[in-house]
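Chains as they are written, first to last, in the working numbering: chain A, 20 to 351; chain B, 1334 to 1666.
In short, the hints are calculated from the structure, not lab data.
Yeah, the Cβ is synthetic: ideal placement off N, Cα and C, and Gly gets one too.
There may be inaccurate statements among the hints.
Cβ-Cβ distance ranges computed for the label pairs, FRET-style [as the list claims (entries may be wrong)]: (1) A:62 <-> B:1468: 30 to 36 angstroms; (2) B:1560 <-> A:85: 57 to 63 angstroms; (3) A:47 <-> B:1439: 32 to 38 angstroms; (4) B:1350 <-> A:123: 23 to 29 angstroms; (5) A:62 <-> B:1509: 30 to 36 angstroms.
When the alpha-carbon atoms are kept at most 25 angstroms apart in a straight line, the in silico DSS-like pairs for lysine-lysine are as follows [stated by the list, open to error]: (6) A:285 <-> B:1589; (7) B:1535 <-> A:285; (8) A:294 <-> B:1477; (9) B:1412 <-> B:1372; (10) A:294 <-> B:1577.
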Amino acid sequence: MKPLIDVQNLTLLFDTDEGRITAVDDVSFSIMPGEIMGLVGESGSGKSVTAKSLMYLNAPNANYADESKILLNTEDVSLDVLKLTTQKQRNVVRGGAISMIFQEPMASFAPAISIGKQMVEQLLLHTDMSKAQCKELSIEMLDRVGISDASSRFNQYAFELSGGMRQRAMIAMALSTKPKLLIADEPTTALDVTIQAQVIDLMRELVDEFRMGILFITHDLGVIAQTADKVAVMYLGRIVEQGLVRDVIRTPSHPYTQGLLAALPKMDDLESPLKPIPGDIPSPLERPTGCVFNTRCGQVVGDVCRSKTPAWTETSKDHFGACHLYTNEVNG
Amino acid sequence: MTEALISTKDLSVEFLISGSLFKPKVLKAVDGISIDIPKGSFFGVVGESGSGKTTLGRALLNAVPIANGSATYDDGEMKYDLAKMTSTELKDYRKRAQLIFQDPYAALSPRMTVRDIIAEPLEVMGLTKSREETDKVVREIAAKCRLNLEHLRRFPHAFSGGQRQRISIARALVSRPQFIVADESVAALDVSIQADVLNLLKSIQVDMGLTFMFISHDLSVVAHTCDHVAVMYLGRIVESAPTKELFNNTRHPYTKALFSAIPSLDPDAEKTGQRLYGEIPSPTNQPSGCTFHTRCPFVQDICKQQVPKLEVSDKGHSVSCHRWKELMDVAAL
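Construct the entire structure; sequences and hints are all you get.
What follows is the structure, encoded as structure tokens:
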């Protein structure tokens, strides 16, 4: 089976006043239909920019490298997103084959237009349905995501809904066009834990029901452990570790992933002090050479970490780490 | 037990919202809270958004008016009644009680250098006499928060989230306060940085003998830093206990639900926990009886009619639930 989305060697540079910034550096991953892939990393690691690339949503000062490919394969279309040139072509992808839900639902809904009108608007744009059909479908979707009294909520505005409700409405809106891939950019970060648990349950249910793929972006490894099938860990624009969730969380191979896991407050061990990763994520203007993590890494093995980008090593089956601990450079 | 630095009795905070002049509508954000924050402790307050935890923190800083009840501050040197303060008293209280904000991106003026940001409280409060003295104090406090001289010359935009939060902390500490309210101070930070800032707060607290009120929605963070935790729901404290006691011996169904909602790091963890359905009701339209009854899986008639009292029991553990004793046997939670 062909993957739903296949990202190959994605490299993305931004032209800014201060110079050229490498936001995404040689990133490759793929998602199968019905699969949830988690993308984890600190702020500034390039998670959101990567996700936006899949829909060609980045700002005009973005430059994609020539060898970058984003291959989308569904029953209807098979194309390279980066090769689309006109707005019309891109709209097939945006909101059609791929939908996105954002972190802050209050900022993502227009405040002066009712929820329902916004839902109908995008359906009219992407489908051939009549206005009445669109309304019917929208209410059905609102009902499906667990919004009670959906037909009256349909006429309400974003400020009238609570945070959890708004995020549900956002999910309903994103799913109403029946996308093949859903990008969820920190969908639960702004929510309380109790509401977060509800939203996570809902998303799992919806994957089973619609058989779509999900790219789930978050900085919370606990959320990833509970939702995703596989996970990629990003740092400063590079994926440093990739594998099945179970393997990555139980036996992290990259020192950065190990650091992230150690920094998490654990409920079953309140005594031991928290272990932060030393230092801060460097500015993208001052990207370290060699392995991007070498400035904060506690396991630097030698000059090779500062001079050479580590190659991928399969540390266990289908579990890859990009670290010199596993390359032959150290021993040789 | 050490004496309390902050002590409140039936503290309530109300906000006036809409309604006509003769029929004003009142929102009770904090409703009859009695707490003692012992000197030198790290006191945690947890709850969902809308539970009134921020308002409680602000009331203790005299940043919102207290509607009913009393709150006192006593550091051995000075004693204040927070409900009735003159403006001179308030001016002095500001030196003794400070706030660290949630979002370090919004809390720092982009047009001031880090040195000026940290020095401003000193100048406004007239704590230092000369520029040299100010510089000296600023440098001392900056070093405590791991900021070097080079950092002091720069503007906030050049700093990452963790560094900015350290600047906010330095500013809050510069007037040598006794009492600090840290309102969601790590919520906006990445986990790798969060641990660093928490460790810094902890070490400063021990170093300078401060008393912290740590407001957070994240139980795992609170568990790691605080000595005592109070759980709030709709303006009331539903459970309050020393951290270890609270975590090992959870009594209130709401606290239990909060625990089980924390996503486990174990991908194969059985989801045995109790899910909470629905959302926190609006404080303008509070449920009768126990305010948690609309979401509680163990609700009975009594819960809808009577407001449960906050029962204080052994080990400083207090809980406000009609059924907590019988529920202790329900293992499923």
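Each hint, compared with the structure:
1. A:62 <-> B:1468: 30 to 36 angstroms: 33 angstroms, holds
2. B:1560 <-> A:85: 57 to 63 angstroms: 58 angstroms, holds
3. A:47 <-> B:1439: 32 to 38 angstroms: 37 angstroms, holds
4. B:1350 <-> A:123: 23 to 29 angstroms: This hint holds: roughly 24 angstroms between Cβ atoms.
5. A:62 <-> B:1509: 30 to 36 angstroms: 33 angstroms, holds
6. A:285 <-> B:1589: The given pair, whose Cα atoms are some 16 angstroms apart, holds under the 25 angstroms limit.
7. B:1535 <-> A:285: Roughly 17 angstroms between the alpha carbons, so the hint for residue 1535 (chain B) and residue 285 (chain A) holds.
8. A:294 <-> B:1477: 19 angstroms, holds
9. B:1412 <-> B:1372: 13 angstroms, holds
10. A:294 <-> B:1577: It holds: about 20 angstroms lies between the C-alpha atoms, which stays within 25 angstroms.
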